Amino acid sequence: MALSHLKSSSSGSNFLKPLATAFSLRRPISTSTDPITVETSVPFTTHRCDPPSRTVETSPQELLSFFRDMATMRRMEIAADSLYKAKLIRGFCHLYDGQEAVAVGMEAAITKKDSIITAYRDHCTFLGRGGTLLEIFSELMGRQGGCSSGKGGSMHFYKKKSGFYGGHGIVGAQVPLGCGLAFAHKYNKDDAVAFALYGDGAANQGQLFEALNISALWDLPVILVYGMGTAEWRAAKSPSYYKRGDYVPGLKVDGMDAFAVKQACKFAKEHALKSGPI
Amino acid sequence: MTVRDALNSALDEEMSADPKVFLMGEEVGEYQGAYKISKGLLDKYGPERVLDTPITEAGFTGIGVGAAYHGLKPVIEFMTFNFSMQAIDHIINSAAKSNYMSAGQISVPIVFRGPNGAAAGVGAQHSHCYASWYASCPGLKVLSPYSSEDARGLLKAAIRDPDPVVFLENELLYGETFPVSAEVLDSSFCVPIGKAKIEREGKDVTITAFSKMVGYALKAAEILAKEGISAEVINLRSIRPLDRDTINASVRKTNRLVTVEEGFPQHGVGAEICASVVEESFGYLDAPVERIAGADVPMPYAANLERLAVPQVEDIVRAAKRACYRSVPMAAAA
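Order-wise, the sequence lines are chains A and B.
Position 201 of the first sequence, counting from 1, maps to 201 under UniProt numbering, and the rest follow consecutively.
Position 25 of the second sequence, counting from 1, maps to 25 under UniProt numbering, and the rest follow consecutively.
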């Protein structure tokens, strides 16, 4: 999509034309599904478990879809930022730009039967679960065509039929809820898992440790995914978040590397189904 | 049938009828329930459906709500509703509001149940009534049974309901026996949510009450009858939605109202009933609405102080007489 824009712009682009023909942008983009292997940028660091392999299998089609999805997410969030500054989006607007690789890598490793739940930084996660740009912008601007009919707002996007359970405003609440989704997966014996995404604020919440204790006790197939946020030195005594589960195994992953995220999520899903929380 | 057996049989039948129903709480399994409400259920349904939890209300309530998001039907037991405050964010923000915020995508078919209000000698932190707290929140249904018929019918209705229900029981009522008809014992028996029950018909004054206070109101009505005052006693059953139609119809008949509750007076259930009657039936009132509530102090421990802090039958009788202009009004006495 970005490439076709370059091609069609006319005024002031005389200097672009020779470049365009030089790189022959008319060459079709590969949709090949032939496997390619890549190495993750850094090795995985582990706590109480063995790391997955650094070698990740992908394909040209997957590479292109990663690029397309991440670029769309980035443009979407920047546009939302402009709308928010223009006061066309009211209340809160928490942006995910910079973390696109996490949403995209995770989707590549799981199915829509698996559940994802997150806090309020949910625009891109919702897009990854099958949401459309129209639904997202309509909701942000309070229109009836929004994914929550304008009744939820930025922090309350849901898509139950593709396993996305929100969209929660209270820091930390999504973690016990995610453990509850995992409980339901186990109860129904459907071989699916739940991913509960959280940040630095939630990492110190008591309810996270309460839910993690119960999940470990009952072997619930839940994966707690930590990412980003508040200044570590201000809020957390121990910034090694992947070790904070203590008796629960943990994995430290480079969130800027979509392939590392994909590999880690695949590994985590297998672990959760076999041995409980990670 | 005792209220305890009524609740136990309702849980048993609903768990048997729907495999998605499960029970979670402290001591509900191996201990057979802190008040033996879930006796026998662990043996019958196994540890996958009757789950003992650690003492971590925020954690297990959140897990219950998450399971409900996915379509299961949890019954979460709080050992008393005082401990529900540890989990109140999940009850209100995760459960009650989700259906609205998601424009109907997420429904939360969960029941939060347990004893509410004063027990005997348990002190201030274990005696709080949460009826008005939860009843103020849109998205929740709040029920409070009195008799065994109420307990069975309302719990079954609550478990079958697709929305979050707060089910306020009373510890001192668990051991009380009430007569039940064959209809009540049938496994399909249900009491509709949002309908109050007229426990005793009368024509001079309406007395509204819920839970244990219904028993006190009925005793007060007996005493009043001997003095020539015919009291109509309404058992609210449902605090939210409140059965405003039944209450207003009764007040339009009797022209006088006494509201009774065990909880604290300010912003209580009686305040809401009074406002509702003033809004809809002001012209029919012949006397100011009388509110009987618990004393505006944290519950004391000593037995004599505790007795003074909770409404007694004599308080209801005096209030009814005041409403009927049969005794000196409060202002003149003060």
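Please keep in mind that the hints were generated in silico from the structure rather than gathered at the bench.
Some hints here could point you the wrong way.
To be verified - Simulated crosslink set (BS3-like; lysine-lysine; CA at most 27 angstroms straight-line):
#, chain 1, residue 1, chain 2, residue 2
1, B, Lys321, B, Lys226
2, A, Lys112, B, Lys203
3, B, Lys226, B, Lys203
4, B, Lys226, A, Lys113
5, B, Lys226, A, Lys112
What the hints assert, rightly or not - Residues of chain A placed beyond 10 angstroms of chain B at every Cβ, according to the derived structure:
#, residue
6, Cys49
7, Lys87
8, Ile117
9, His185
10, Asp191
11, Gly201
12, Lys266
Said to hold, decoys possible - Here are the simulated distance ranges between beta carbons:
#, chain 1, residue 1, chain 2, residue 2, range
13, A, Phe92, B, Val278, 37 to 43 angstroms
14, A, Phe92, B, Ala119, 38 to 44 angstroms
15, A, Thr55, B, Asp43, 48 to 54 angstroms
16, B, Ser276, A, Lys85, 21 to 27 angstroms
17, A, Ala86, B, Gly123, 53 to 59 angstroms
Predicted, not measured: the structure shown is a model, and the values here were computed from it.
For each residue, glycine too, the CB sits at the ideal point set by N, CA and C.
Verification of the hints:
For the given pair, Lys321 (chain B) sits about 12 angstroms from Lys226 (chain B) by alpha-carbon distance, which is consistent with the 27 angstroms threshold. As the CA atoms of Lys112 (chain A) and Lys203 (chain B) are separated by approximately 62 angstroms, the hinted pair breaks the 27 angstroms bound. Proximity of Lys226 (chain B) to Lys203 (chain B) is assessed by CA-CA distance (about 14 angstroms); at most 27 angstroms being required, the pair is judged to hold. Between the alpha carbons of Lys226 (chain B) and Lys113 (chain A) the distance comes to roughly 67 angstroms, so the proposed pair goes past 27 angstroms and is violated.
Between Lys226 (chain B) and Lys112 (chain A) the CA atoms are separated by roughly 69 angstroms; this puts the pair beyond 27 angstroms, and the hint is violated. Every CB of chain B is more than 10 angstroms from the CB of Cys49 (chain A) (nearest about 23 angstroms), matching its label as outside the interface. With a least CB separation of 22 angstroms from chain B, Lys87 (chain A) remains clear of the 10 angstroms interface cut-off, as annotated. A Cβ of chain B approaches the Cβ of Ile117 (chain A) within 10 angstroms, the least distance being about 7 angstroms, so the stated non-interface status is violated.
With a least beta-carbon separation of about 7 angstroms from chain B, His185 (chain A) fails to lie farther than 10 angstroms from that chain, contradicting its non-interface assignment. Every C-beta of chain B lies more than 10 angstroms from that of Asp191 (chain A), the closest at about 14 angstroms, which supports listing it as non-interface. The Cβ of Gly201 (chain A) lies farther than 10 angstroms from every Cβ of chain B, with a closest approach of about 14 angstroms, so its non-interface assignment holds. With a closest Cβ-Cβ approach of about 22 angstroms to chain B, Lys266 (chain A) is found to remain outside the 10 angstroms limit, as its non-interface label requires.
Look at Phe92 (chain A) against Val278 (chain B): about 39 angstroms separates their beta carbons, and that is inside 37 to 43 angstroms. Separation of Phe92 (chain A) from Ala119 (chain B) is about 42 angstroms and conforms to the stated range, judged on CB atoms against 38 to 44 angstroms. Distance hint check: the CB atoms of Thr55 (chain A) and Asp43 (chain B) are about 51 angstroms apart, consistent with the given range 48 to 54 angstroms. Between Ser276 (chain B) and Lys85 (chain A), the C-beta spacing of about 46 angstroms breaks the proposed range 21 to 27 angstroms.
For the pair Ala86 (chain A) and Gly123 (chain B), the supplied restraint of 53 to 59 angstroms holds, since their beta-carbon distance comes to about 56 angstroms.
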